[in-house]
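K.L.:
With the hints as extra help, turn the sequences into a complete structure.
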Amino acid sequence: MSVGSTTGTMPLLALQGVSKQFGSAQGWLERGAARLGWLPPAGSVQAVDQVDLAIMPGEVVGLVGESGCGKSTLGRIAVGLTPPSAGERRWCGEAIDRLPASERRRLQLGIQMIFQDPYASLNPRLTVGELIAEAPRVHGLIGRREQGEFVARSLQGVGLDATMASRYPHQFSGGQRARIGIARALAVRPAFLVCDEAVAALDVSVQAQVLNLFADLREQLGLTYLFISHDLAVVRHLADRVAVMYLGRVVEMARVGELFGRPAHPYTQALLAEAPTLKVGKRQFIPIQGELPSPLAPPSGCHFHPRCPHAMPVCSKQAPALREVAPGHDSACHLTSG
Amino acid sequence: MNSVHNAAQAVLEVTGLSVGFAQRGTVLRAVDDISLHIAPGEVLGLVGESGSGKSMTAYSLLGLVEPPGQVSADTFRLCGKEMRAADERAWRQLRGRRIAMIFQDPMMTLNPVLRIDTQMVEAIHAHRRVGRGAALEMAAAALQRVGIADAPARLHAYPHQLSGGMRQRVAIAIALLNAPDLIVADEPTTALDVTIQAQILAEMQALCQASGTALLWITHDLAVVAALADRVCVMYAGRIVEQGPVDQVLAQPAHPYTRGLLDSTPAAAPSQHADNAGATRRLSTIPGLPPALGERPEGCAFRPRCARASAACLQVPALVAVSPGHEVRCFHPLARVSA
Chain A
1 MSVGSTTGTM PLLALQGVSK QFGSAQGWLE RGAARLGWLP PAGSVQAVDQ
51 VDLAIMPGEV VGLVGESGCG KSTLGRIAVG LTPPSAGERR WCGEAIDRLP
101 ASERRRLQLG IQMIFQDPYA SLNPRLTVGE LIAEAPRVHG LIGRREQGEF
151 VARSLQGVGL DATMASRYPH QFSGGQRARI GIARALAVRP AFLVCDEAVA
201 ALDVSVQAQV LNLFADLREQ LGLTYLFISH DLAVVRHLAD RVAVMYLGRV
251 VEMARVGELF GRPAHPYTQA LLAEAPTLKV GKRQFIPIQG ELPSPLAPPS
301 GCHFHPRCPH AMPVCSKQAP ALREVAPGHD SACHLTSG
Chain B
1 MNSVHNAAQA VLEVTGLSVG FAQRGTVLRA VDDISLHIAP GEVLGLVGES
51 GSGKSMTAYS LLGLVEPPGQ VSADTFRLCG KEMRAADERA WRQLRGRRIA
101 MIFQDPMMTL NPVLRIDTQM VEAIHAHRRV GRGAALEMAA AALQRVGIAD
151 APARLHAYPH QLSGGMRQRV AIAIALLNAP DLIVADEPTT ALDVTIQAQI
201 LAEMQALCQA SGTALLWITH DLAVVAALAD RVCVMYAGRI VEQGPVDQVL
251 AQPAHPYTRG LLDSTPAAAP SQHADNAGAT RRLSTIPGLP PALGERPEGC
301 AFRPRCARAS AACLQVPALV AVSPGHEVRC FHPLARVSA
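So the protein lines, in turn, are chains A and B. For the first sequence, the positions run 1 to 338 when UniProt numbering is used. For the second sequence, the positions run 1 to 339 when UniProt numbering is used.
In short, the hints are calculated from the structure, not lab data. Watch out, some of these pointers could steer you wrong.
[Unchecked claim] Computed far set for chain B versus chain A, every beta-carbon distance over 12 Å: (1) A134; (2) T265; (3) P317; (4) A318.
[Claimed, not checked] Reference excerpt, derived from the structure (chain B facing chain A, CB under 7 Å, subset only): (5) E88; (6) A226; (7) A227; (8) S264; (9) R282.
Cβ coordinates follow ideal geometry from the N, Cα and C atoms, glycine included.
P.N.:
Here it is in structure tokens:
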């Protein structure tokens, strides 16, 4: 990958050739039936297919794609919530998943996740103070006596009032809950945050406040983000570098200005053309044909070829590799790999 | 652009529409004295954040507000009929035939245990006496119109066998079945992917142009309104705070709330910083939160969040024109009020 070569320092988190296959677990009866042809063979979904992604310290990498493209699975692999079927996760150069459990537990604190639905990720029976202090207490980062002050500082850090610590999640609005989710992730002092659609459920005016909070926290704490979103405008606003996924594969990766200014992959071009903008005036949409194919039966070769306006015979036969088309700009397309 | 409106021709003409919920002796007004008119073939965008009353407005326009909700209006004309005191029978004659609704979640329209053809034929038979064969043909034609390629085969499918985009298309096809005069669409593309949203927006645009169907498009997404609508109404805390031709409202917003919404949208100020990575990029935001229904401030509800607020804002401002067809409900608008 060309990613690390631009600066020469070591990536904070590197995913190397990670893949994830989800298959239906079969018992012996189903397996036997399938062998005899009574049942169709078990389907498996290649949710993530041979993805390389290196994230440098202090960088914000945006990950965009449509539903079912594997972006959330990749995020869960990055955090360590989902073990990859193949490939390796390296944290500061170390293969974190091969370390002894105690060592791994300590390093793992550096990687935290912020979920899309903060209400679903907050225990409704715990007060906000308990929610925020739970993880640092378990990991021995703070003692019982410091708890009150710690929670107050955490809440203030995300723009909430310290007196709210005794309230329960249902007493907060969506934007406030998003802030609580952020405070909770930050409580163990991580260096790296994976945000999976962290602002998708928020209203525009509240979303802007939370996006500003992400930007401020990045500046104050030197955080690194993997920011997963379907919203191109949000990613464009926040990210330094963007990776575009389609059916489990990264099809294009570039710095944000380069990607939005000179998209090389036909899929990225289509995505950008179709996202509505505030540009005033009725416009005629010229939509891309077809729907996302089922990940159970992805098209052969380049997964995008049935919808691609530039498809050539080779596209259905061979999957194009991710190649550098300009400095720091990779694209997986036969058009640009010639 | 259909900014010149003619009350006699309008598909929808409501004034002073309110939806109230009685609670502990007071009435909470989810929708507070709004007026709307839509001409045939016109696309009106209704924009607001959650809790602004935009969905409640939609339900009241179809007579779908159930007790304890109370709908009142000074004028309520729909497809040339007076609906102020209409009973359920009168509503049933209009609903599904002259006016149709598309919901955010197509599964609110579709019955999960019935095949698509059963549901579409049922919708046709509710309003017309045609044979089953003719009804099936109409259903297939409607599916084709919304861009479903393999219509006869899709008719035999159950809703769960279709993708989300396909289900929403079926819901739109059902709305179109009886060639309604007005379609009320409540965030129909919010749950869909960008490429599918673009397909559906394109199809809705073409359909309305071809058939003269008026469209009320409810959304929180200003970008969708910019692409689709002729006129836009911005709602805040149950009131329309600004309305006008979409190009004027988005290019020269007069209400501080509209300005704030536009500034909060990340797409609005993109490329100039695009390459200075690492720098903090801030959006200008509206301070505070939209008020909950029971906690709306007196006077202008936006007052506590507004930088321009003054003592005058303790009164409810009236809608005043800043240019022909462009009105704002503000004592301190960002544009000069025309006399």
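K.L.:
Taking the hints in turn, state whether each one holds.
P.N.:
Status of each hint after checking the structure:
At roughly 30 Å, the least C-beta separation between A134/B and chain A is larger than 12 Å, which holds for a residue marked as non-interface. Look at T265/B: its CB is around 6 Å from the nearest CB on chain A, not clear of 12 Å, so calling it non-interface is violated. No Cβ of chain A comes within 12 Å of the Cβ of P317/B; the nearest lies about 20 Å off, and the non-interface call holds. No beta-carbon of chain A comes within 12 Å of the beta-carbon of A318/B; the shortest separation is about 24 Å.
At a threshold of 7 Å, the smallest CB-CB gap from E88/B to chain A is about 34 Å, leaving the interface hint violated. For A226/B, the shortest C-beta to C-beta distance to chain A is roughly 5 Å, which falls under 7 Å, so the interface hint holds. Nearest Cβ of chain A to the Cβ of A227/B: about 5 Å, under the 7 Å cut. The hint holds. The interface hint given for S264/B is met, as the beta carbon of that residue sits about 4 Å from the closest beta carbon of chain A, less than 7 Å.
Hint status for R282/B relative to chain A: holds, with the closest Cβ pair at about 5 Å, below 7 Å.
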